[in-house]
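Let's have the full structure, built from the sequences with the hints guiding it.
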Amino acid sequence: MIAREDPQSPLEMHTHEFSEIVIITGGSGVHVADGDQWVLSAGDVFVIGGDRPHHYVDTDHLRLINVLFDSDSLEMPLQDLATLPGYNTLFHLEPAARQRHQFESRLRISSADMHEVCRLVDCLENELKMRERGFRFIAMATFMQLVGHLSRCYGRTKNLDSQSLLQIAEVIGYIEKNYSKPISLDELVDISGLSRRSFSRVFESSMGCTPISHLIELRISRACELLKNTERSITEIAFDVGFNDSNYFARQFRKILNVSPSTYRQSAINPGGSIASVD
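Every letter in the sequence shown is one number past the one before it in our numbering, and letter 160, counting from 1, is 167.
Since the hints were made in silico from the structure, they are not lab data.
Cβ atoms here follow ideal geometry from the backbone N, Cα and C, with glycine treated the same way.
All clues stand as given, with none of them false.
Okay, the calculated beta carbon distance ranges per label pair: (1) GLU24 - ALA275: 19 to 29 Å; (2) VAL37 - SER269: 46 to 56 Å; (3) LYS235 - ASP197: 33 to 43 Å; (4) VAL37 - SER205: 29 to 39 Å.
This is the structure we're talking about:
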């Protein structure tokens, strides 16, 4: 869904069911969320989760575009996008850090990039409005272009605060691509370009967990997919996702999901029970 505010009037505190890509196209104002405030101006772009109360105050001809999307139900094939630092930063790290009151910066795009972003939004809005045959396919493709373009823009940012998140995003992309291989903390520190202490501090403040905990959770998430969709043995799956000890895999699986791998597989094959999921 596309919502244009031209101008955006001051609003009461509110939430949405969907996440939002907010694109500031003109004017100025102040964005307030959970007691934090950020001054906005043309070129600013940020993502806010649907469960976060927010509103706008002190608006002066503030013009913006909201692209609303449901990240849980949106079946967007990420392909190699998950390895792109700008994507992980804009859509995951920055909103999470901002929600922990630890990040004030945001993406600011050039006038040329704003022109391209507005063109993509216009195309997306037209497809959703006209609803011609094949509109869902074209709308999804256009939305993916928008996400990809903004992710590339973030990857080019020179803002120092954003750069620290991009360094963490570089690590997350590496983990996404290589989770099935042996990965050490020292290796991740080297990739980040930060000191060991700074890397651990920035990663935990951004992700809410340690780097190794994130790696283990990703491996367990991938294992869940294999348990549901393949007939490979639990031991084979453990090795497939990067564990070199099936007993350790089983312990970590139970620690995170409160069920054994075999019970999880059985519940997935015969739905009826309630089992946890890895976020």
